Amino acid sequence: MNTVKEGTLLWEPTHNRMQQSNIYAYMKWLKQHKELDFQDYHSLWKWSVDELEDFWASIWDYFDIQSNKPYQNVLTTHKMPGAKWFPEATINYTEHIFRNRNQKKPAIIHASENRKTAEITWEQLYQDTINLQHTLKKLGVKKGDRIVAYVANIYETIVAFLATASLGAIWSSASPDFGTQSVIDRFKQIEPKVMVTVDGYRYNGKDFDRSQIAEEIQSELPTLEATIAISYLDNNPDFSRLKNVIHWEEAMQPSPTANLTYEYVPFNDPLWVLFSSGTTGKPKPIVQSQGGILLEHLKALTFHADLSEDDRFFWFTTTGWMMWNFLVGGLLTGSTIILYDGSPGYPNKKMLWKFAEQTKMTIFGTSASFITGCMKDEITPKEDFNLQHLKNISSTGSPLPPEGFQWCYENVKKDLWIASASGGTDICTAFILGAPILPVYAGELQCRGLGAKIESFDDSGKPLIDEVGELVLTEPFPSMPIYFWNDQDGVRLHESYFDVYPGIWRHGDYLKITDRHTCVIYGRSDATINRGGIRIGTSEIYRAVDQISQVADSLIVDIPKNDGDSFVPLFVVMKEGYPLTDEIKQAIKKQIRTQCSPRHTPTEIYEVSDLPRTLNGKKLEIPVKKILMGKDVEEVVNKGSLANAKSLESFVSFAKKSTQI
Numbered sequence: 143m144n145t146v147k148e149g150t151l152l153w154e155p156t157h158n159r160m161q162q163s164n165i166y167a168y169m170k171w172l173k174q175h176k177e178l179d180f181q182d183y184h185s186l187w188k189w190s191v192d193e194l195e196d197f198w199a200s201i202w203d204y205f206d207i208q209s210n211k212p213y214q215n216v217l218t219t220h221k222m223p224g225a226k227w228f229p230e231a232t233i234n235y236t237e238h239i240f241r242n243r244n245q246k247k248p249a250i251i252h253a254s255e256n257r258k259t260a261e262i263t264w265e266q267l268y269q270d271t272i273n274l275q276h277t278l279k280k281l282g283v284k285k286g287d288r289i290v291a292y293v294a295n296i297y298e299t300i301v302a303f304l305a306t307a308s309l310g311a312i313w314s315s316a317s318p319d320f321g322t323q324s325v326i327d328r329f330k331q332i333e334p335k336v337m338v339t340v341d342g343y344r345y346n347g348k349d350f351d352r353s354q355i356a357e358e359i360q361s362e363l364p365t366l367e368a369t370i371a372i373s374y375l376d377n378n379p380d381f382s383r384l385k386n387v388i389h390w391e392e393a394m395q396p397s398p399t400a401n402l403t404y405e406y407v408p409f410n411d412p413l414w415v416l417f418s419s420g421t422t423g424k425p426k427p428i429v430q431s432q433g434g435i436l437l438e439h440l441k442a443l444t445f446h447a448d449l450s451e452d453d454r455f456f457w458f459t460t461t462g463w464m465m466w467n468f469l470v471g472g473l474l475t476g477s478t479i480i481l482y483d484g485s486p487g488y489p490n491k492k493m494l495w496k497f498a499e500q501t502k503m504t505i506f507g508t509s510a511s512f513i514t515g516c517m518k519d520e521i522t523p524k525e526d527f528n529l530q531h532l533k534n535i536s537s538t539g540s541p542l543p544p545e546g547f548q549w550c551y552e553n554v555k556k557d558l559w560i561a562s563a564s565g566g567t568d569i570c571t572a573f574i575l576g577a578p579i580l581p582v583y584a585g586e587l588q589c590r591g592l593g594a595k596i597e598s599f600d601d602s603g604k605p606l607i608d609e610v611g612e613l614v615l616t617e618p619f620p621s622m623p624i625y626f627w628n629d630q631d632g633v634r635l636h637e638s639y640f641d642v643y644p645g646i647w648r649h650g651d652y653l654k655i656t657d658r659h660t661c662v663i664y665g666r667s668d669a670t671i672n673r674g675g676i677r678i679g680t681s682e683i684y685r686a687v688d689q690i691s692q693v694a695d696s697l698i699v700d701i702p703k704n705d706g707d708s709f710v711p712l713f714v715v716m717k718e719g720y721p722l723t724d725e726i727k728q729a730i731k732k733q734i735r736t737q738c739s740p741r742h743t744p745t746e747i748y749e750v751s752d753l754p755r756t757l758n759g760k761k762l763e764i765p766v767k768k769i770l771m772g773k774d775v776e777e778v779v780n781k782g783s784l785a786n787a788k789s790l791e792s793f794v795s796f797a798k799k800s801t802q803i
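Numbering of the sequence shown is given in my numbering, commencing with residue 143 and proceeding in unit increments.
None of these hints come from the bench; they were simulated from the model. A couple of the hints might just be wrong.
Pairs of lysine-lysine residues, derived as DSBU-like cross-links and limited to a Cα-Cα distance of at most 30 Å, are as follows [what the hints assert, rightly or not]:
{"hint": "1", "residue 1": "Lys604", "residue 2": "Lys258"}
{"hint": "2", "residue 1": "Lys533", "residue 2": "Lys496"}
{"hint": "3", "residue 1": "Lys330", "residue 2": "Lys518"}
{"hint": "4", "residue 1": "Lys285", "residue 2": "Lys348"}
{"hint": "5", "residue 1": "Lys788", "residue 2": "Lys348"}
{"hint": "6", "residue 1": "Lys604", "residue 2": "Lys147"}
{"hint": "7", "residue 1": "Lys798", "residue 2": "Lys727"}
{"hint": "8", "residue 1": "Lys727", "residue 2": "Lys799"}
Predicted model, so just to flag it, every value in this text is computed and none were measured.
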């Protein structure tokens, strides 16, 4: 495959497709009801951020948000942190999931390595949520109580979350592939009343029993009053050692009531607690509001993902990644959401494409690494599967290189809308994402999200166009954290986002906004490569290295030296059967010189067997850098937050032996 140049036009929506989009319907509604006439996306975006309160009030009206108290103010102040949205309103997230649904249509399609594909109607989802709500009420769960879930990405988990939110209780989940201490470090901070757990899970064809770990977690949570146990790995698991255990089948006994009851809570009350990866300490407990998430997910999934009742929306995720929460939000649009629990590469790397055909998937959400992995393995889904229903591929987790875009068009489908997105756990959405009425350019994210005043700042806080700077948000945003749990004085929140540019959210990514209003993400700003004062994002290096077919993965860090220079090692994982030869090293350096610049060529290239990653699959650039600078592993990384902690050993060994650091 020939290398495609960043910014190459790859796809444009037809006039008919644009007119059928949800965002086009919203623009017509604004013209009819608000006398606002927008001719293109950028003019709409500019109004949405310049007239912030008018925009979010229009979202409230457009989606007919249900509140048992009318709001008086859209926003109390534009000061950050401290902005409060719709402070007088009282709402319930779950109510908006179930209103006006065709009860016989599928709400959820789910499958896993140990469960066959099955469909769940809206009617069944509603009834199951009633049943579990009744059980939670009997346990005394009420507004503000915390329910934690050590669970797989399965149907029961959705039911548990919806029942939790219906009562105004607060949800938090962790995937069963998380280590014991990692889960305890999360759940213990928020003092839960009820835990939901599975007995284990299957991944890559192997069974992992988690019943003993569930016991260990339970023993470290003194506030727990009950544990609801789901038989997932085994049909008849032994939960006898769990205290105050309720089997899922018992929890799902028919409720005497025929309807869900909804606890209306203030707009800014917590919906869930998400946790940061916790690579450098205890994970930060990020609290987001019922109302903020409701409005943002309705906006993002309706306008930017273009979801409707006819769509089947999939994202490959676990319950420990914010994309699970985002996927659940697809139910707000009336679309069918698709769950899969297991390995994306089992029994082979074509599995998810086969699943897309089987489920008639319309939106395929995945990680950039999955797409580049398919590209490296020369998979051609269009030859093996019928993907006639597929209209969109969305990716996140890391920047999707231009070649990843190109691979989709050449190997999946020509008429395809590719939407790369960038956001994060902090906001449980994307700041920069797609729009179905915009063209697709290789390597570029289509647009800044409506209502998100995203800019690129230089070091002095001046906005940049067509230059790389810090991604910042200069106006409040509804799904920002309302606080961190147990951060009463707000110090941790301030240090996380507001200590670089006072009153302005610094996200921690490098961003370029083009003169076409598209965006390019260059990786984490604290992991940048700085040679002779010229900075480059790590994603640019990885894109160049990805062109070497024998290399499976790579990680680069920049280590400053006392003489003002720096040592820049590149670590590569080779594909099976390929050693790292001098010829391959020269090919890698040539690619970096050609695609990036000669000054950003690595000092040396080293082979490692694995790269350390978080449980959500992100490379640990900063901890590796600190280890190589002589810091103890325990100082810089929480091993329980890693998917492969043993991979750190080679970097510790390297730090001890290297004479260049």
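Original post:
Which earlier hints turn out false for this structure, listed by number in ascending order?
Top reply: 1, 3, 4
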